[in-house]
Amino acid sequence: MSPPRAPAPDEAPSGSLDPGGSRPPARATRLALYTRMLEMRGFEKRAYDLFLSGLVKGTSHLGLGQEAIAAAFGTAMREDDYTFATYRGHNHALARGVPMTPVMGELMGRACGLMAGKGGSMHLTSVEHHMMGSYAIIGAHLTIANGAAWSAKARGSGQVAVCFFGDGTTNIGAFHEALNFAAVYELPVVFVCENNLWMEYTPIASVTAVARPAADRASAYGLEPVVLDGNDPDVMHAAAVAALGRARSGAGPSLLEALTYRHGGHSRADPGKYRSDEELSYWLGRDPVPAYRARLVAEGVEEAEIAAIEQQVAAAVDEATEAAKASGPPSLDLVEKDVFADGGASWRR
Amino acid sequence: MSPPRAPAPDEAPSGSLDPGGSRPPARATRLALYTRMLEMRGFEKRAYDLFLSGLVKGTSHLGLGQEAIAAAFGTAMREDDYTFATYRGHNHALARGVPMTPVMGELMGRACGLMAGKGGSMHLTSVEHHMMGSYAIIGAHLTIANGAAWSAKARGSGQVAVCFFGDGTTNIGAFHEALNFAAVYELPVVFVCENNLWMEYTPIASVTAVARPAADRASAYGLEPVVLDGNDPDVMHAAAVAALGRARSGAGPSLLEALTYRHGGHSRADPGKYRSDEELSYWLGRDPVPAYRARLVAEGVEEAEIAAIEQQVAAAVDEATEAAKASGPPSLDLVEKDVFADGGASWRR
Amino acid sequence: MAEMTYRDAVAAGIAQEMARDDSVVLFGEDVGAAGGVFKATVGLLEKFGPTRVVDTPISEQAILGAAMGAAMTGMRPIAEVMFSDFFAVCWDIVANEIAKTRYMTNGQVSLPLVIRSGNGGGSRFGAQHSQSIENWAMAVPGLKVVAPSTPRDVIGLLAAAVRDPDPVLFFEHKSLYATKGEVGQGEICDELGRAVVVREGDDVTIVALAQMVPRALHAAEELARDGIEAAVVDLRSLVPLDMTTVAASVRATGHLVTVEENPRLCGWGAELSSIVAEELLFDLDGPVVRVTTPHVPLPAADALEDAALPSPERIADGARRALA
Amino acid sequence: MAEMTYRDAVAAGIAQEMARDDSVVLFGEDVGAAGGVFKATVGLLEKFGPTRVVDTPISEQAILGAAMGAAMTGMRPIAEVMFSDFFAVCWDIVANEIAKTRYMTNGQVSLPLVIRSGNGGGSRFGAQHSQSIENWAMAVPGLKVVAPSTPRDVIGLLAAAVRDPDPVLFFEHKSLYATKGEVGQGEICDELGRAVVVREGDDVTIVALAQMVPRALHAAEELARDGIEAAVVDLRSLVPLDMTTVAASVRATGHLVTVEENPRLCGWGAELSSIVAEELLFDLDGPVVRVTTPHVPLPAADALEDAALPSPERIADGARRALA
Ligand SMILES: Cc1ncc(C[n+]2csc(CCOP(=O)(O)OP(=O)(O)O)c2C)c(N)n1
Ligand SMILES: Cc1ncc(C[n+]2csc(CCOP(=O)(O)OP(=O)(O)O)c2C)c(N)n1
Ligand SMILES: [Mg+2]
Ligand SMILES: [Mg+2]
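Protein chains in written order, with numbering that gives the first Met the number 0: chain A, 0 to 348; chain B, 0 to 348; chain C, 0 to 323; chain D, 0 to 323.
Misleading hints may appear alongside valid ones.
Pulled a few chain C residues facing chain B out of the computed Cβ check, cut under 10 Å [claimed, not checked]:
1) T72
2) A98
3) R101
4) T104
Subject to a maximum C-alpha distance of 25 Å in a straight line, what follows is the list of computed PhoX-like cross-link-like pairs (lysine-lysine) [claimed, not checked]:
5) A:K272 to C:K46
6) B:K272 to D:K46
7) B:K44 to B:K272
8) C:K179 to C:K38
9) D:K38 to B:K272
10) A:K44 to A:K324
11) B:K44 to B:K336
12) A:K272 to C:K38
13) D:K179 to D:K38
14) C:K46 to C:K179
15) A:K44 to A:K336
16) D:K46 to D:K179
Simulated restraints on C-beta separations [what the hints assert, rightly or not]:
17) A:A250 to D:K46: 27 to 37 Å
18) C:A323 to D:D201: 27 to 37 Å
19) D:A247 to C:A323: 19 to 29 Å
20) A:A306 to C:E2: 52 to 62 Å
21) A:R267 to D:K38: 45 to 55 Å
22) D:K38 to C:T178: 54 to 64 Å
23) C:E312 to B:S156: 50 to 60 Å
24) B:R154 to A:S248: 48 to 58 Å
Don't read these hints as lab results, they were simulated from the structure.
Ideal Cβ positions, reconstructed from N, Cα and C, are used throughout, including at glycine.
Generate the whole structure from the sequences, applying the supplied hints.
As C-alpha cells, then:
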C-alpha cells in the first residue's frame, strides 16, 4: 500500500557495471550499430504516423528510445542464434534482419505481412531469421527461450537463445521458474531485461520489493548481478559479446539489466502523460540515436558517410511503407488455415 | 542436466542463524511444545497404521520428524492468527488446536470428518481455529495467505498469517509472486519453508540453482536470509516469536527456512528408499521428539510429569481413533451440497 | 435517465458498491492512478484512496490469491484481470482454489469476490488479447459467470456480483466499452441468473451474450425484412443459467440458434443445445444451430478478425438453417 | 501377445518412440530416478540416460515452456504434468502459447510435442487431484486431445502422438494404471482420430472415453439382461473427433448417450450432443442423454466419490431414459 514512486532520473546510471571491459567495438561494428538503430527509429516513427492515420489497426508498442539494446544484440549474435521478444518487439525483429516490408505489412494487417496478418504487431515471428517470436502475455517466452537453448545444447549446435523482456516482467511467476530452470541445466540463454522504469502506466519501483528488478534477483539463481547503460550501444555490445560467449562456452545463462526509457507511451496513442516532464526530458537528453551519432563523428567517422546511411535508411522506410500500402488484405480463407500441420482447422472426421 | 545431488547431512546445521537470541522459552511453553509434538507424533503414527490397514483411503502425507516447526508456531501464534498449510498439514492443524477426532475422521472419509469427507487428508480446514486450509497444489496458498494478511492489515486487526510450505515450492512461480507482493505491501505474513531436503522423490539440491532454496532467495524480495534448525523447538519458537512480532508491528513479511527431515516417504506407503541409509540415520538421530524430551529432563522437568503427558496424549489418540472408526460414511446428499452459498449445486433455473 | 458508456458504467457500478460497503476493495494492474487500461476505473482512486484502490505488480496469481485470502477473512474484493486471456496465467487460483474451496471445506469458507476482466474480440489485438473465455469459466463448478451487454446491465449485474456470497467472474466486453445506453437514476442492482428477452418473436429463438446481443438484434432486423420474427434472448449470466426463459421461448418458437463468440468446441451454446436435445427434443421443429467463431485462435488483421467472429449475416443465415 | 498393465504400457510406448527417434526426450517431475509417481516411466532413465530423461524442479510453466521451445527447434519432447489438475498452473503455456503458435505464425512454427498427464477420479485424492480436464483442452483450438482406455491403445496412441506434427495432450487415466490388457508384439502405432466400436448393438449408442469405457461396457451388459443391445463407442481422441463413427452408430440406433467423467457443464458430451442436434436431429428417436459427474468438485471420501462419478448403473439408467 506504499505509494507509487517514480525513480529519480539520476538513479539510472548509478550502479552500472560494464562486464565487457571498455574497449570500443571496431569501426564496422559501430556503423552497423548505428545503421540498425536508425532503421528501428525510422521504422517505428513511421509506424506511429501510420497508427495516427488509421492504417495501423489494433495496437502497437514502440521501442523508441530503447534501440541500443536490440541493435547491440542483433550485431553481436551469430546468425543462427535465437531471438525471443515481447509485443514491444519491432526493434528485435529488425535487428535480426527481418525486412521492413513484411513487418510493416503485418502491422497494417496486409497480405504481405510477416504472418499475412494472422499474428499482428505483437507476434512478429520469422523462423528464417531465427526470430522465434514476439510474445504478448508476460512471462511465457522466458520459459520458451529455455527450450530453444535446451535443444541447442542437446543438439550441440552452439546456438544461444536471447530473450528480451521488460522490468515489469520480473514480478511474474514464469520469470522465476525460467531463471531457476536455466541455471539448473546450465542452458545457453541470455536474459535481457530492458528496464524502462515503467510497466504500462505504473512505475516499476512502486510494485517491486527491490531497486533493480532484474539484477537484484540474479543471486536467487546463482547468477551475477549486471546493470548496464542500455542507451549506450558500445556498452551493450560489449555485454552482449560477453554473455553470448559465456553461453556458447557452456558456462550457462546470464541475466542482464539494461537501463533505458521509452520515449512514447506504452502502446497505441498513449501520450504517456503519467511521467514527469523532468523525467522525460532527462531521458530525451540521453536519446541513444543522436548521442551515438555524435560519438561516431567525434571519433572520426565522416559526416558524409553517416548522411549516406541516413538517406539509405529513410529510403528503405519509405519503400516498405509504400509496399505495405500497396498490398491488399489477406485472403479470407486464411482464417481457417494452419491451425494444424495439415494446413487446416478441421477437428473432426 | 546435472545429476541429482543429495545434500550431505552435515551441511544441515551450517549457516544456521537464531534471530530470536538464545534465551530459552518458559517452562510452560516448553511443556506445551512437547505436548504438541507428542500429539502430532502419536496422531500421525496412528494414521500410518490406519493407512496400512486400509482404513485411511486415498493418500496422506505425514510430517513425522518435522513436528518441531508446527509445534513452535502453534505455541507462539495468537489465537486469531491465520494458518495456511500444505497437503502435509496434519501437524499444522493439530498445532492450532483442531481436535484429533475430526481430523482422523477426515482421513478416513467418515461423517465426523472435519469437512465430512469432502476435502480429504490434503485439505484440512477449520475456520473456527483459524486454520484456513491446507492446499494440495504447490504454490497457490502463499498468495492466499497474503490476502488474509492484507485483510488483517486493512481491518487493523493485528492478526498475522503464517504460511508453511516445502523446499520444492520455492521453484514455482507463485512463490515469487507471493513474496514480492508481500514485501511491496508490507503484509503481516510469515512464510515458513520446511526444507526437508526432498520434494517427492527428487532432492531439492538437484533442481535448484542455489544451496538454500528459500533463504538464498530472500534478498530478491528485500528480506533477510534466515536459516534455522527446524528440529529444535526452542530455536523455532524464538524465530516464530520474532517473525510474528515483526509482522504485528507493521514491519512486514519474513521468510524463514527451517531445516528438517521427513522420517517416512513422501506419501502413502512410499518407503522412501531413494534416500541413503547414512542420510536417514543422521536425521533419525536428530529426531526432535526424543531430543526435546531429553532436554526437558536434563533441565529439570520430572520424569513423572512427562510420563503423564505421554499417557494423556496416547489416550487422546486412541479415543480419536475409536471415535472416527465408530462414525459412519458421510451422507451421500453431500455430493451436491455447498458448491454455492445457497447450500446447493444448482447452476440453472 | 442518463446516457452513459459501458466503460463509465463499470466505474459507476464499482463506485456504487464501494460507497455502500467499506469492505469492498479494488485491485489490479494499472487500475488506480491510470484509471485502468480501458479507462473503466477512472476516478476510483481519487474517490476511495490508495488503501481501497490498489495498483499491483504484474502478478496475476498474487492478485487473485490475495483476493481469495481477503474474501475468506471478511473483505469483498474486486480484482481485475486486465485481458481475459490472462486468466490462463492464474487459472490455478481460479479453477482449483477459488472455485472449489466452499465445497472442499464443507461450506466453512465463503468467497464473496468478483474478478472483472476485459473479454472478447473485435479490437484487432490478435490471438492472445481477444479471446472469449466464458466457456472456460462455465466448465468449472463453483464459479458464477456474468457477461453484460449494456451499460445499465453493467451496473446492475456488477452490483449483484459484488453482493453475491459466491465468486463471480465478470466479463466486460472490450468492444462494448465505447457503446452508450440509458442508465436509470439511483442505486441499481439486479439478480444474477435472469435472462432477458430483448426482442420478441414467434419464429425462432436466438440466444446471445455480450457483444453477440447487438449482433443478434441486427440479424433479427435482417430476418424481419424476410418476414421471419426472431426472439432474441440476452443470457446475461451463464452461471446461474436461466434455462426457464430460454426453454419458454424455444417451446414457443420450436427453433433455437445460439450465438457464441468463443471458438466452437465445448462452448456454452453446446451446453444449451444439449439441454434442449435432452429435455425439449420433442418441442423442436428443426435442428439446433450453433453460430460460433470457428475453432481457431483469433487472427489480428481487421479483415480476418471480421471474417472469424459471428456477424449479423452469419447469425441470420444460422436462423434460416434452423428454419429450413 | 502379452499381458501388460496400462502403467507399463506408458513406459513401453515411450521407450518404443525414444528408441526409434533420438530427438524424443522426456522430462517432468520425478520421471527419471523415481520412474514417475505413478511408476509409468520406470526404466527409461536407465535405458536412455540423464540427457534424454530429465527430472525437473516443480516448475510446470518452465517445463512446458521448455517443451515448446525445444519442439520449435527440432526436438520432439514428451513432457509430463504429474496430475492433470496442475495444468491450471501452466495453462498459459498450453492454451495461449502452444495451441496458438502455428496459427499466429501463419504456419511457420511446428510444435511436435506431447504432454502426458495423470487424469481422472476414483483414487480418493480429492478435488485438486482427481479432475478430468479433457474438456478444458478440447475447448482450445490448436490442441489435439487423446485419452486411451486400454494398455494396447496407450502404446498405439502414444506413438501416434509422438509422431504427430502437432501438440497433443495425452491423458492417462489414474484409475486405469493398474488394469491389464493384451498387447501385440512389435511396433504399435495408431492413427489419431479413430474411434472404435468396442461393442456392437442396435438399440442405443453409448459413447465413452477412458475410464468410462469399461463402465459403459458394464452398463451394456446390464442392459443386455433387459434385452437392450447397446453399441459402445470408445472415442479414444476428442481432437480429432471421429464423428463419422459416432454418426454411423447414431443413425443405426436412433439413440445417443454420452458418458463423461468431467463435471457437467461444457463437457465433450455437450459438443457431441449439439452436433447431433444440428446435423442428425431427424435421425433421433429419443432425447440425447448425457451422463456426467454432477457439476461439483470431486469429494475425497470413497463413498462420496463413488456417488459422484458415473457408475454402470447410472449409465444404464441414462440409456433407459434415452429409450423411454
Ligand atoms: C500476464 C500479463 N499480464 C498483464 C499484461 C498486460 N501488459 C502488457 S505490457 C504490460 C507492462 C509490461 O511492462 P514491462 O515488462 O516493463 O515491459 P515494457 O512494456 O515496459 O516494455 C502489461 C501489464 C500482459 N500482457 N500479460
Ligand atoms: C503445481 C504442483 N506440481 C506438482 C505437484 C505434485 N507434488 C505434490 S508434493 C510435491 C513435492 C513438494 O515438495 P516440497 O515443496 O519440498 O514439500 P514436501 O512434500 O517435501 O513437504 C510435488 C511435486 C503439486 N501438488 N502441485
Ligand atoms: Mg517496462
Ligand atoms: Mg520437501
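Does the hinted range 27 to 37 Å hold for A323 of chain C and D201 of chain D at CB?
-> 30 Å, holds
Interface restraint verdict for T72 of chain C against chain B (beta-carbon cut-off 10 Å) | With Cβ-Cβ at 4 Å, under 10 Å, it holds.
Pairwise hint evaluation, K38 of chain C against K272 of chain A, where the allowed Cα distance is 25 Å at most | 14 Å, holds
Against chain B, is A98 of chain C within 10 Å by beta-carbon distance?
-> With a closest approach of 9 Å, the A98 of chain C hint holds.
Are K44 of chain B and K336 of chain B close enough, with their CA atoms no more than 25 Å apart?
-> With Cα atoms ~33 Å apart, K44 of chain B and K336 of chain B exceed 25 Å; violated.
25 Å Cα cutoff - pair K46 of chain D, K179 of chain D | Within the cut-off at roughly 24 Å; holds.
Within 25 Å, alpha carbon to alpha carbon, are K46 of chain C and K179 of chain C?
-> 24 Å, holds
Answer holds if the nearest beta-carbon of chain B is closer than 10 Å to that of R101 of chain C; otherwise answer violated.
-> The hint holds - R101 of chain C has a Cβ within 10 Å of chain B, the shortest such distance being about 6 Å.
Please work out if K272 of chain B and K46 of chain D have their alpha carbons no farther apart than 25 Å.
-> The hint holds at about 21 Å.
With a cut-off of 10 Å, does the beta carbon of T104 of chain C approach a beta carbon of chain B closely enough for the hint to hold?
-> The hint holds - T104 of chain C has a Cβ within 10 Å of chain B, the shortest such distance being about 4 Å.
Is the hinted range of 50 to 60 Å satisfied by the C-beta distance from E312 of chain C to S156 of chain B?
-> Distance hint for E312 of chain C, S156 of chain B holds at roughly 58 Å.
Sort out whether K336 of chain A lies within 25 Å of K44 of chain A, counting only the CA atoms.
-> Status violated; Cα separation ~33 Å.
When the structure is compared with the earlier hints, violations turn up for hints 11 and 15 and for no others.
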